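Chains as they are written, first to last, in my numbering: chain F, 1 to 764; chain D, 1 to 82.
Calculated directly from the structure, the hints in this document are not laboratory data. The reader is advised that the hints may include incorrect statements.
Where chain D lies over chain F, by a calculated footprint (3+ residues, C-beta under 8 angstroms) [stated by the list, open to error]:
no.: 1; region: 225-231
no.: 2; region: 257-263
no.: 3; region: 425-436
A quick note: this is a predicted structure, and the numbers were derived from the prediction, not measured. For every residue, glycine included, the Cβ atom is placed at its ideal position computed from N, Cα and C.
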Amino acid sequence: MVKQVSTVDTTKNAKNTPDKEQPWRELGLKQEEYDRIKLILDRRPTSAELAMYSVMWSEHCSYKSSKIYLRQFGEKVTDEMKKNLMVGMGENAGVVDIGEGWAVTFKVESHNHPSYIEPFQGAATGVGGIVRDILTMGARPIAVMDQLRFGAVANPDTARVVNGVVSGISFYGNCLGLPNIGGETVFDKVYQGNPLVNALSVGALRHEDLKLAKASNPGDLVILFGARTGADGIGGVSVLASETFDADGPSRRPAVQVGDPFAEKVLIECCLELYAAQVVAGIQDLGGAGLSCATSELASNGRAGMRVQLKEVLLRDESLTPEEILMSESQERMMAIVPKKDLKAFTAIVNKYEVEFSVLGEVIREPRLYINWGKEEIVNVPPRSVAHDGPVYERPVAYPAWLDNLNNNSVNHAQLRRATNPSELAEQLIQIVSSPNQASKSWITDQYDHYVGGNTALAMPDDSGMVRVSEETGLGVAIATDANGRYCQLDPYNGAKLALAESYRNVASSGAVPMAVTNCLNFGSPENPEVMWQFKQATAGLADGCLELGIPVTGGNVSFYNQTGDVAIYPTPVVGVLGVIDDVARRIPSGWQDAGNNIYLLGITRDELDGSVWSEVIHDHLGGKPPVVDLAAEKALAELLQGASLQGLLASTHDLSEGGLAQTLVESTLRFGMGARVWLNEITERDQVDLTAALFSESTARVIVSVGREDDVKFVGLCEARTVPVLRIGVTDASGQLEIQDLATWSIEELKNTHGATIPELFG
Amino acid sequence: MPKIIVEVMPKADLLDPAGKAVANALQRKGNAEITNVRIGKRIELHYEVAPTEEQIEAAKQIAADFLSNGVIEDVVAVTVEN
């Protein structure tokens, strides 16, 4: 057992023992960073200060390698783009004005590494963390989504991660009562030792309820409330503990956290009531870096200081050292800044919810963070130096040595064999729609509650998720996310733009107007110049793309060091687009609904098979250049879809992306079990492509729509007026079949089984 | 019937939400003397005949590798009941 600490490392002690050896290296600090801390403090840091700086200056908290590139998201914007932005980059989450006095806030965050170590709790606490970020802005969380990337399906470890992550997400989200309205699941061997578990949450608030994470009024109280503080997720600080414990060696603290969704649900309701009663002046959730982060950020944001008594923290485990308390990542905790006069009202509300709290100290005018352990001062730092003025690096970038070869090895250069007869094409279509990445993910999404709350208008497998915000008017938001690691490996600049284009198209397909962007940038090690080059390219692509489309980035998250051994993952910038719809009753589903509707293909098909699903599934090939991005065409298409949807012309819209037209036809059929007869000869003639390209090319700015016969003239006229290429390619029918003329006819039952069986067979 | 009993507990340092919920319920019902509750699991392995030393060792290995999740749980006891 651990023995009690006899003394703590005080600031006084730090002054008197300037040469004491400190484990800064083990805590991940570099020599120059440690020297800089000494310069800031004009002495060596105490062990508590060292704990704070090391965690707050880590890549995860300080964005030290990415900062110089993230700036452009705030710079490459026009006034028009900022018009609806109530809170931009830098806060816990961006906030967008959606009209009628409503605002929404949304954000994606990664929980990749914890989810590999302990998939269930890692994914569950990932959901919990992003939901608290949304809550912190003053919003009621209204939905979640998850972007998942796992290793190869054939690897036995993949099932462990998939099962754990999916049950963790469903457990936490379902217990919280938040609908899970969509996301992505991708399998690829590059994610084998490093799955990506990204979680998105969206929340709604009235304009006047906006809250910020700052402590600016001297005399206000600093209050920690919610769960008690335990030794969760502080494995890394064991090196500090080892100094203060006896020779038995360091106590082995766990590296993971355990979540309690019911505690979080109570915390959500409690916070919303506190906001409504207007008794909090500032609020911050406790996530990564725990109290170190909350105290220093609140004070730094408010340009003030704080005096905190660490002994007042309610503990689950009395053996915690001050350093461990500062670093603990115990879940379901919040920190509020409460004016003294409101303490009584605050207490009444938290007592009603049986939420524990303790007053840790108060805000002071002097911009200094003082933390005491009993009578002894263990922290005395400028909060800005911890929270915001951390190191910033311009790391070396290098054009990858392997990239030219990869780009040269296109589908045509490698002479990948194309099918020569209809039965072979039909066979390839089935192979593609039943491949793990293209198969139905309903085995996963059926474990999530899509409809709890009663405001879900669209959810998986529709192109985007949509929830109602105002029950009076039907005002709502649609969200779609996308990332294609294979495209980004070939060309990170355009790969990021392609992810943006697809999310944008998906949101537009639902009938909503795209308004704002969030991202979760998953990359390898920033210390590898080739990875840093990919990051530089991808961020530039995303920022340029947003400027072109006229929608701002409102916030995001960077996750570096995603690699198995020395091998980095494909660059995977997950891009989320949020759109607004004035009435969710006007939503457009992704599947055909009525027999006798005409099916139109909008957009041009080019022979673009490099990086495609076809090249992966049929030939296990990756090379060449990804499809051309044409954001002007995407914009024209989105505007057409909005116009047509406002006039009530569209029975369904489904975008074309991974798997091309073939995938979209099968999904449109299966959504509501409506059959169709489709012909390809007009596509091959007009666009001068072969049948392989017509079916499997991943050219962008394309969707298929179904339109009632009575609206045909109007719809085609609209397309022509907006110069969006339009081609009638089929008719829906109640035959119970999907027929692609001169190719094959499948019964819907057969397609459903083929598309649906893959994932349950692998993981069920 | 001879048995090997494996007892698994959540790691002492980690939150045990179920235990916390039960502890709160007990407090509300007036059991002020109970300060905390932790909930683990008990697993019985049944044998035809009393397990050999070798089989007991094997059971310990099974307990550590298969019956518990070493990241968040500890095997606190493996006992033989003949």
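Outcome, coverage hint (the region 425-436 of chain F, chain D; C-beta under 8 angstroms; three residues): With 0 residues close enough to chain D, the hint is violated.
Holds or violated: the region 257-263 of chain F covered by chain D, criterion of 3 or more residues with Cβ-Cβ distance under 8 angstroms? Since three or more residues must qualify, the claim that chain D covers the region 257-263 of chain F holds, with 6 doing so at under 8 angstroms.
Checking C-beta pairs, does the region 225-231 of chain F have three or more residues closer than 8 angstroms to chain D? As far as the region 225-231 of chain F goes, the hint holds, because 3 residues have Cβ atoms under 8 angstroms from chain D.
Comparing the model with each numbered hint stated earlier shows that hint 3 is the single one that does not hold.
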